[in-house]
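Novice: Sequence:
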Amino acid sequence: MEYRRLGSAGLKVSALSYGAWVTFGTQIGEDAAYELMKTAFDAGVNFFDNAEAYAGGQAETIMGKVIQRAGWKRSDLVLSTKIFWGGPGPNDTGLSRKHIVEGVDAAL
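Going by numbering that gives the first Met the number 0, the residue at position 36 of the sequence shown is 35; the numbering climbs one at a time, nothing skipped.
These are calculated hints, taken from the structure and not from any lab test. Heads up, none of these hints are tricks.
Once the Cα atoms are required to be at most 30 Å apart in a straight line, the calculated DSS-like pairs of lysine-lysine come out as:
1) Lys81 <-> Lys37
2) Lys11 <-> Lys72
3) Lys37 <-> Lys64
4) Lys81 <-> Lys64
5) Lys37 <-> Lys11
6) Lys64 <-> Lys97
7) Lys11 <-> Lys81
Given the sequences, and given the hints that come with them, work out the whole structure.
Specialist: Shown next as structure tokens:
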């Protein structure tokens with residue numbers, strides 16, 4: 000796998016990332032997600048992407064369960080998520096400091 004530096008942070012990320020959009024939570028379950036992520040990880044992928052809006056938050060939950068089940072060290076992974084479309088409440092969407100902090104906390 001080829002790796003690239005991510006900005007000035009010094010992180011080395013795989014040239015290919017693995018994203019959970021469309022799949023985790025609505026089209027495939029945890030067992031299939033585990034097999035797919037394990038295949039990607041075994042091929043050298045260390046960069047996994049998600050978002051709070053994917054499958055209404057289920058995608059982040061499933062990805063977290065897969066990482067825990069696989070026993071991967073957090074230091075071996077680079078995880079990204081996107082914050083904007085949260086829940087139905089008036090402060091559950093957008094880019095306010097409140098929503099960003101709560102969205103990141105929920106993703107962890």
